[in-house]
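Student: Now for the letters of each chain:
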Amino acid sequence: MGFFLETLFGGLMVGMLYSLIAIGFVLIYKASGVFNFAQGAMVLFAALAMARFSEWLPAWLGFESLVLANVLAFLLAMVMMIAVAWLIERLALSKLVNQEGISLLMATLGIAYFLDGLGQSLFGNDIYKIDVGMPKEPMMVLESTFQGGLLLSREDLVAAVIAAALVVLLALFFQKTSTGRALRAVADDHQAAQSIGIPLSRIWVIVWSVAGFAALVAGIIWGSKLGVQFSLSLVALKALPVVILGGLTSIPGAIIGGLLIGVGEKLSEIYLGPMLGGGIEIWFAYVLALVFLLVRPQGLFGEKIIDRV
Amino acid sequence: MDTTANTFPRLLLAHAARQPDAPAVREKDLGIWQTWNWAAVAREVRELACGLASLGFRPGDNLAIVGANRPHLYMAVIAAQSLHGVPVPLYQDAVAGEMVFMLEDAEIDFVIAEDQEQVDKLLECRELLGRATRLRHIVYDDPRGLRNYEQPGLMSYERLIEAGRAHDAAHPDFFAQSVATGDPADVAVILYTSGTTGRPKGVCQTHASFIAAGRGGVETDRLGPGDNIMSYLPMAWVGDHLFSVAQWLVGGFTLNCPESAETVMNDMREIGPSYYFGPPRTFEGLLTAVSIRMEDAAAPKRWLYAKCMALARRVGADILNGAKVGLMDRLLYALGNLLIYGPLRNVLGMSRIRVAYTAGAAIGPDLFRFYRSIGVNLKQFYGQTETCAYVCLQQDGKVKLQTVGSAAPGIELKIADDGEVLVRGVSVLKEYYKRPDATAEVLDAEGYFHTGDAGVLDAEGHLRIIDRAKDVGRMAAAEGAAAGAMFAPNYIENKLKFFPQIKEAVCFGHEREEVCAFINIDYEAVGNWAERRGLPYGGYVDLAGKPEVLALVADCVAKVNADLAAEEGMADTQIARFLVLHKELDPDDDELTRTRKVRRGFIADKYAVLVDALYGHKRDQYVETQVKFEDGRTGVVSATLTIVDAGRFPPMKAAA
Amino acid sequence: MFYRENGQFKSTYRADQQIFPILQDRVLMLLFLVVAFAVVPAIASDYWFRAILIPFLILSLAALGLNILVGYCGQISLGTGAFMAVGAYAAYNFHVRVDGMPLIVSLLMGGLCATVVGVLFGIPSLRIKGLYLAVATLAAQFFIDWAFLRINWLTNNSASGSVSVAGLSLFGLPVESAAQKYLLCLTLLVLFALMAKNLVRSAIGREWMAMRDMDVAAAVIGIRPVYAKLSAFAVSSFIVGVAGALWGFVHLGTWEPAAFNIDRSFQLLFMVIIGGLGSIMGSFFGAAFIVLLPIVLNQLPGWFGLSISTALSSHLEFMIFGALIVFFLVVEPHGLARLWSTAKEKLRLWPFPY
Amino acid sequence: MRDPASTPRPAAHERPVILDVHNISLSFGGVKALTDISFDVREHEVRAIIGPNGAGKSSMLNCINGVYQPQQGSITFRGQQFRHMNSRQVAEMGVARTFQNLALFKGMSVLDNIMTGRNLKMKSGLLAQAIRFGRAEREEIAHREFVEHIIDFLEIQLHRKTPVGRLPYGLQKRVDLGRALAMEPQVLLLDEPMAGMNVEEKQDMSRFILDVNDEFGTTIVLIEHDMGVVMDISDRVVVLDYGKKIGDGTPHEVRGNPDVIRAYLGTTH
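Protein chains in written order, with this note's numbering: chain Y, 18 to 326; chain W, 1010 to 1665; chain C, -1 to 352; chain Z, -1 to 267.
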């Protein structure tokens, strides 16, 4: 029982990270109809930037304070993400507007490659740690309830809180700020958006920046958990099945989808894995999504897709 | 090559016997070149002839042939001949009103028509002819749209062929006999001259004369099996009859019929004829297209083109004539041939041309030089319907730009005192159909045919046509001078028409002190020019009136004047004033003949008001004109035309 | 400029429909084949064979297969690597388990197995399009990677799917030396390219393109989406499978699932995009480009006397690929092949611009 | 091509019914596109469906050739009744169709576009096509020849090998028609064949339609906005408005129908 719960929590933690990345996908898909393969690359890029700056800045500017280093690094990384967003809009999206989805998708693939390359040539390609002072030592809870209790890592809890905060933040951003509302307008109908005088190009820059922000946060959490390395950009691909599951256009969908897949992965690994020879979390998510596609293509929360003639 | 056969049907059979499997006719149909070999043609002609016979076609009957260049129609020509009948090809673009005259004149009972369009026209003619029992049998080649026609006497080509097979089976030796009894002195074809004035006259030519004409050409240029020719000109035109029938059957080469009027260029590019014939305007059109497209080319390409063409102008013609040219130039020319001339010939479909001919109107020397300089062996010949288009030929190596060559084999030339060219020999017509009076006018006692063209023979006996004899006028004597200069309007017009921007020109000056001109701009060329300059225009009339365009034309006129000023005796005939017409001169409005010669007199009357304006030194003139549209409707175009003074030059003694 | 097409008229449909209707093209192609078959084997160095020519040939073959699916039928696939893997491992199994199994048969059986798997993962394409399909094929990629890693039976019980073959021979001839391997690949490539070309210019090819361009209209004229799409998956994955088998047998000799991981899939996708979607020729261009680029990148600095770390150059490679993908999608969605054909048109029309 | 109707055509009402549409209703998630539409099409006639924009004309065609599945009603074709058909079956039964906003295959040449219309009739297998030997090639050639007749018929020889994308709009419409003709249909559904054409192009197109009708005896159902054209070329007319049938009869009858007049005055046509 305890073990099951631990696994469950573990799954939720991972899933929550998937969600963070998936949210980036959803944001971009909603606003620009682009299925952003590069989200993973953005996470890696952001994480690398964060990790390295927090390491370099003290050296350059000659100070010790870890907090300061992190804050500055965070800001700097964020600036870079915005720059990236701006470049992507300028150089790719604006030129590919009203092309079929498939070529946009391939374009983001190209962007992904570019970012991976850029990130590693700028920041190097080893494994770097991000230390934002997350509590490392695990804690025991519910020892009274059943013997052995539950072993939870504080870090995960903190991460969960951060993630939750991020979601709330985004929610507020979309509900309250005028830009946020504009974004939703665009998402609903490009023509409409333009007709009420919102420059698409700026919208897209903003959206990609927001996605970049989400990527940065996700990157930091991943990084501090497992260190920053190239594999991140692959792990991030997991967000694809997540959004398929949750529905491409729904942020709650992304969250729930993430959690489902996180949990599903862990549990299946534990309980099915042995039968299948283990390591099934590599594909579990994708196959789950695939099955899902066949029964409910629009996902849990997405709108139905109708083909008109 | 067969020399004994002396009628066209016999020539056909001779080829069928000698080279049964060689390609005789090709037609681009259903996307590929469908091919008939000589045996097949002979077979089909036989069936066709028998079919006609089974319909009651008798020796001496005339068979009208109306349509574009289709193999079946060419076969019909020979079929009629093998029955001692006479094929009468008619212009397929003539309207019923025009056609009915010839149908009646030639007492046509049998017609072979290409398609629905022609059939409708012929049925209309039936109405026009009243209940006269003419046009009893109308055979159509392409059944499309004709399925539900109920009219009597309509029959598809297939049905006719079937009937022919049946008749042939019933009378196995009928055909052979009919061909065997043919006489070279029989009339082989009646071709109607559209004639610049008066109603059309049917020119009767015998097998003998047309075969002689054909043979002359074939021998001069050593044509034979393996050669290919494009047949794209109206079958009713003597030129096409000479090349696509007479020379074809004498020489035994291959006819190639295009897929449709609009695809001729492509088809020509595919076939790459070795032997080509077109009236000057065709070559003009091609050159216009070339210059337009080159103007759109990138700068370096244009530069290269200009350089190569300059070189070609200098040495190209000489190299073709086999004159001696410096080694360096030859090398450069070879390079140009690789880079420009060769490709150019390729896109024009002229890579494989051994001999190309032009005739029917004087060709601008520069135009002529252009083709020769890029290595197309373009030559002129001279003749008219009455002489099987066979009087003078330019021999290889003896091509002079200004002349139409020397007398062809079997032809005597004489220049009358008034400068008119007289012809006697193998190819001279038998008579005008049912028009002894007209025949008498043109055939004199010694059997000379009066061509109606004014010309001069040079030292080597090369003929140089100046103009229509009756058009050659004299300018009114200027004060002090004894007599005005000789005025040859066509000569000047052709100089003008060489400019791609100018499509047609009409000059006046007979018994006047100055020469004035009407100009037709070439809509495509000038339109292009305007677009490249971002000059907006709404249609032909508007474009023709634009000051920029007038300036452009004035420029061309000035160049011509400069040219004239440099020529012996032409200086006084420089153009003083001109105007650009508000509509294109058009055969449908009788301003041009079907062969697109200008009817100067008719135009002078029709636009008298403009002529007066020109000589009345007015600044501009309002005019309204009736026009006929393709579909027969009529309308009115009106405009106010500006009269432009042209730059003139003092006479100088320099070679043209 | 060098075209002289006058007199090349067609009097039969067969002549009109041949692959190279223009004489000059036929001659050029013939020369090219002669060089490829006769000259190259004589002059090329071992390095050239192993590092450039053989990889180029095999990847061309794979790209060709992928192009049929993506370029002609408009169905995106990110699982190409996996299908190659299926081809490789299936061929391996036939090779080692059935003794006396001829090499060529093993290769083809590899292709067939890939076909089966390909069709299986193609089924979702009947319900879903574009990016959804991308995910479906990703599933194939990861699942199959895993399968060969973990399911020992599939790899004839060799640890972590690492297998190797040696002593290949074809119809009694050894396929040992680089040149021999090269010739084997070249022959197969030419044959498959020819067949692929035939397919895309036949009824089935038109069905694929019809599905790609306007699926509703295609359905209305009686084209069955199921047949069109699945046949595209089948043909595509067969060719890819054979390519995979060659990659394992001929190029690598010893390999493990990692040789066919997702990066391979992306690489192939890039080839068809850069080379030209919907063009047989494009597959070759794309393969050549992507095989040569890294080599050039490694040499380039040397020529200028600078030196960069292999790591950096591999990152640069990433960046350049990425940038090029975007570039081509923006500027010339039909890739190098289109550039080639425009150039050719220019030459035919020379000296005219159009 | 198919044998022509050799006998002179009898008047519309005498000819047998070839296509009978019965109480068709169609709706998209609550939005009613068609309500209870019934009409019949007789062999060899030109049947027009007219009506203002959004009257449900195209939806009607889409029901007939199985692109949409109507919720109610049935369609009887040559005596066989159908409730649900897929496009394939419809095509096999000999119903072809052209599209309002060109649905040509952009990446293919004119020739190939029309060739696709023959695919239904091409039987050789995948491998045969890959090797392109014997039957497969003979088949290609046979159908190529058939298609050439259509190209000839539509007078687009010049453009045979051009990619359809490069053709002017009017010609693309012709290719669309050609693709449908390649199926040798018994019934031809034309969705606004003349939309966006100039007078000349319209004349040509009408000519082609009529020729098709009496050359191949093809029954034609067409949607058209241009009343002039409709009145000229159609034997009978159905009028739809807001998914309901408000008129049915000869052009003359329909012209007199007050509902029709109202419907048209009500809109900008």
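The hints are simulated quantities; they were obtained by calculation from the structure and are not laboratory data.
The model shown is predicted, which means the values in this text are computed figures rather than measured ones.
Some clues are possibly wrong.
Okay, derived cross-link-like pairs now, EDC-like style, lysine to aspartate or glutamate, Cα gap no bigger than 16 angstroms in a straight line [unchecked claim]:
#, chain 1, residue 1, chain 2, residue 2
1, C, Lys8, W, Glu1279
2, C, Lys8, Z, Glu146
3, Y, Lys112, C, Glu315
4, W, Lys1439, W, Glu1429
5, C, Lys8, W, Asp1038
6, Z, Lys104, C, Asp213
7, Z, Lys104, Y, Glu154
Student: So, for every hint listed, does it hold in this structure?
Tutor: Here is how each hint holds up against the structure:
1. With a C-alpha separation of about 8 angstroms, the suggested pairing of C/Lys8 with W/Glu1279 holds against the 16 angstroms cut-off.
2. Proposed proximity of C/Lys8 and Z/Glu146 is supported: the alpha carbons are some 14 angstroms apart, at most 16 angstroms.
3. Simply put, Y/Lys112 and C/Glu315 have alpha-carbon atoms about 24 angstroms apart, too far for the 16 angstroms limit, and the pair is violated.
4. Between W/Lys1439 and W/Glu1429, the direct Cα distance comes to roughly 21 angstroms. Violation of the 16 angstroms bound is thereby established for this hinted pair.
5. A C-alpha spacing of about 11 angstroms is found between C/Lys8 and W/Asp1038, which places the hinted pair at or below 16 angstroms, so the restraint holds.
6. Restraint check for Z/Lys104 and C/Asp213: the C-alpha separation of about 12 angstroms stays at or below 16 angstroms, so the hint holds.
7. Our distance criterion of 16 angstroms between C-alpha atoms is broken by Z/Lys104 and Y/Glu154, whose separation comes to about 63 angstroms.
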